[in-house]
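Chains as they are written, first to last, in the numbering used here: chain E, 297 to 509; chain L, 2 to 223; chain R, 0 to 248; chain Y, 823 to 894.
Warning: the hint list may mix true and false statements.
[As the list claims (entries may be wrong)] Listed next, the stretches of chain R that the computed footprint assigns to chain Y, with coverage defined by at least 3 CB atoms under 8 Å from CB atoms of chain Y:
# : segment
1 : 58 to 68
2 : 98 to 109
3 : 116 to 125
4 : 219 to 232
5 : 235 to 244
Just so you know, these hints were derived from the structure itself, not from any lab. The beta-carbon is built from N, C-alpha and C at its ideal position, and this holds for glycine as well.
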Amino acid sequence: MLEASNLECLRGERRLFSGVDFRLDSGEMLSLQGKNGSGKTSLLRMLCGLTPPANGEVRWRDQSITTLGDEFHRELCYLGHHNAIKEELTPLENIVSSARLAQEKLDEQAALEALACVGLLGREELACRYLSQGQKRRVALARLVHEKRALWILDEPYVALDASAVELVATLVGEHLRRGGLAVITTHQPVRVSAERVRELWLDTDDAAPAPF
Amino acid sequence: MLLLFRAVIGRDLRLAMRRQADVVAAMFFFIIVVSLFPLGVGPEPDQLRKLAPGVLWVAALLATMLSLPRLFADDYRDGTLEQLALAPQPLGVVVLAKVVAHWLIAGLPLVMLAPVLGIQFDLSNDALAVLTLSLLIGTPALSGIGAIGAALTLGVRGGGVLLSLLILPLYIPVLIFGAGAVDATVTGLGPQAHLSLLGALTLGGVFFAPWPTAAALRVALE
Amino acid sequence: MSHRLINWFRYASPQTFYPLAGKMIPWFWMLAAIFGLTGLSIGFLLAPTDAQQGEGYRIIFLHVPASWMSMFIYLVMSFWAAMGLAFNTRLSGMMASALAPTGALFAFISLWTGALWGKPMWGTWWVWDARLTSELILLFLYIGFIALQAAIDDPRRADKAGAILALVGVVNIPIIYFSVKWWNTLHQGASVSLTKSPSMATTMLWGMLLCALACWMYSIAVALMRARTIMLERERHTDWVRTLLAAKE
Amino acid sequence: MHWNSLADFLAMGDHGLYVWGSVVVTALLMIAEPILVVRGRRKLLLRLMRQYRAEGVDRRDHRQPTTRRSPA
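With the hints as extra help, turn the sequences into a complete structure.
Quick look at the structure:
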């Protein structure tokens with residue numbers, strides 16, 4: 297389903313990584329590991345199609361994502377470093393408006409259910425400015441509840457979350473995989489996803505790479 | 002596509018309503034700049050009538066510049082722009098919607114203020130009407146062309162100043178035809194020619210500018 | 000296989016271009032000097048006095064070629080910009096950034112000589128003539144391009160942003176020119192034009208053409224020199240630059 | 823030859839200031855530009871050579887720990 301061949305990433309003058317190959321099938325998860333600055337976020341953005349790779353290609357259902365374009369984006373749910381929520385809007389407004397922007401059909405009832413699932417019921421009318429970092433992250437995570445998309449690309453989903461929310465994400469990812477979805481996740485914490493097939497990919501900068509002998 | 006268009010406009014308008022201070026500040030900037038001119042050049046009505054179209058139009062350009070840097074900056078900072086770029090539709094449509102929203106928030110108030118400010122300059126009723134009409138037709142082009150600059154300077158050091166440097170030269174045709182229309186009314190030539198050229202610029206600006214803007218946004222997101 | 004080809008196209012270009020440009024630069028300098036000296040001697044020593052403008056018209060041997068070059072360089076710059084956006088070649092961005100300062104220089108020369116020509120002819124240093132005004136705006140566009148590229152750290156992003164700006168500018172230049180021209184005719188009627196001397200003697204024409212050729216050669220030479228510097232800077236992590244500099248030491 | 827004397831040539835029919843003002847500024851700019859380019863290039867070359875030398879030293883430092891570690 298999702299395939300990367302020979303990806304190379306240049307940032308400014310530095311080569312962050314090169315020759316990254318992997319293949320991920322339905323129901324599989326890729327756990328992306330590496331130290332700070334090893335290019336995890338860059339690789340995720342490449343998989344989304346935000347950053348064009350300096351070399352190599354990303355393929356989805358055996359077609360290049362650049363030729364697929366919107367067809368690929370319709371199946372993709374990307375959660376980046378930033379929560380993409382507006383401080384001025386309430387959690388409910390945020391969820392509804394971001395669903396509209398992503399061209400998802402979402403009525404108020406479903407939005408409230410999603411909010412309840414991430415544990416924000418009772419705060420849906422409060423401007424996000426007044427929420428804590430973890431609660432804001434939960435608002436962003438509500439997308440995982442209501443959007444039914446095949447490929448999840450999550451950049452550090454556990455940041456600022458408490459134990460119960462971490463558990464929630466783990467469950468959501470587990471269900472997603474059981475439904476036949478795919479997930480690519482970066483995290484510094486160990487992932488406790490109860491899935492049968494978790495693959496690991498280590499990104500290392502060139503000088504730390506094992507010598508080729 | 003239309004749904005998305007409306008969603009973007011609705012969201013931007015709602016955000017602007019929750020952040021009225023910015024909108025109001027740009028309007029007061031417009032009022033103050035225009036009101037300073039008579040203090041600088043003297044109160045003779047003849048002179049003021051001659052200056053009015055140029056002064057009001059230049060002030061409108063500057064007031065638009067004031068609100069442009071934020072057109073994409075907030076969305077860029079909080080990650081919404083990434084999501085918009087990943088939404089399953091052309092980014093150009095989103096940009097077009099944001100341009101329309103920007104005009105409703107920043108351009109339309111200027112149009113509505115213009116007749117009041119024109120009175121300060123002793124303009125005749127005809128001239129006031131044409132001034133308002135020219136601003137109504139011309140300000141969308143300012144938002145459209147400005148969006149290119151806003152996208153190019155996204156996340157760049159000294160973005161605001163750079164934005165004016167890039168965009169103000171491109172505003173010259175709009176300024177010429179906009180102020181020219183009022184001028185032509187005052188001097189007795191009809192404003193039709195100016196206004197239709199201004200309309201052509203607006204159509205061109207609003208419908209072509211979103212594509213380079215979208216390209217520039219993608220570059221900024223890389 | 001296709002990968003190899005693309006790699007070659009994208010990575011080998013500067014490497015092959017660098018020594019080639021180095022070999023070409025002295026020739027362009029020589030041509031610039033020859034054309035410039037003959038052009039200027041024709042213009043300043045041989046050409047007859049202009050019936051209307053006296054000797055002051057000789058400024059056109061500098062002004063007109065500079066104006067031509069400033070506009071032409073903008074077109075060439077946009078061409079490279081478009082190439083860079085379409086094919087993602089590294090060389091195009093370098094060429095565009097190498098050309099911009101030279102274009103700005105010619106735009107400035109054109110304005111300066113235009114002002115010095117205007118003072119004796121019109122009695123004022125500056126007139127809002129359509130040509131001069133457009134030239135001024137062209138200078139602003141060059142400065143905007145240079146400033147935008149200078150403000151962006153990542154050279155790839157700077158190239159792309161600059162390319163978009165250059166293309167937007169190239170679409171706008173004719174619109175700006177015609178709007179200024181229209182504005183100008185409405186406000187002060189037809190003005191004396193610098194280039195449309197009613198009887199341009201053939202010697203004058205030859206002088207001007209030679210000067211224009213000299214400017215052309217000069218621009219190529221300087222742009223190549225600057226492109227080579229940009230190349231070294233941007234490719235400083237590649238092996239070919241390392242070996243090149245190691246050989247120099 | 824169009825001119826009768828050097829003084830004539832320099833006077834340019836009363837427009838000397840304007841004509842020579844144009845010529846001098848143009849010449850200065852067109853000489854200054856290549857000089858600036860060449861100077862920029864020299865500076866860059868010096869900087870790069872210094873940088874390569876520094877990197878060479880760095881590399882040797884880096885290599886030692888990795889070779890020590892690799893047999894393990």
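### Task
Go through the numbered hints given earlier and state which of them the structure violates, listing their numbers in rising order.
Violated: none.
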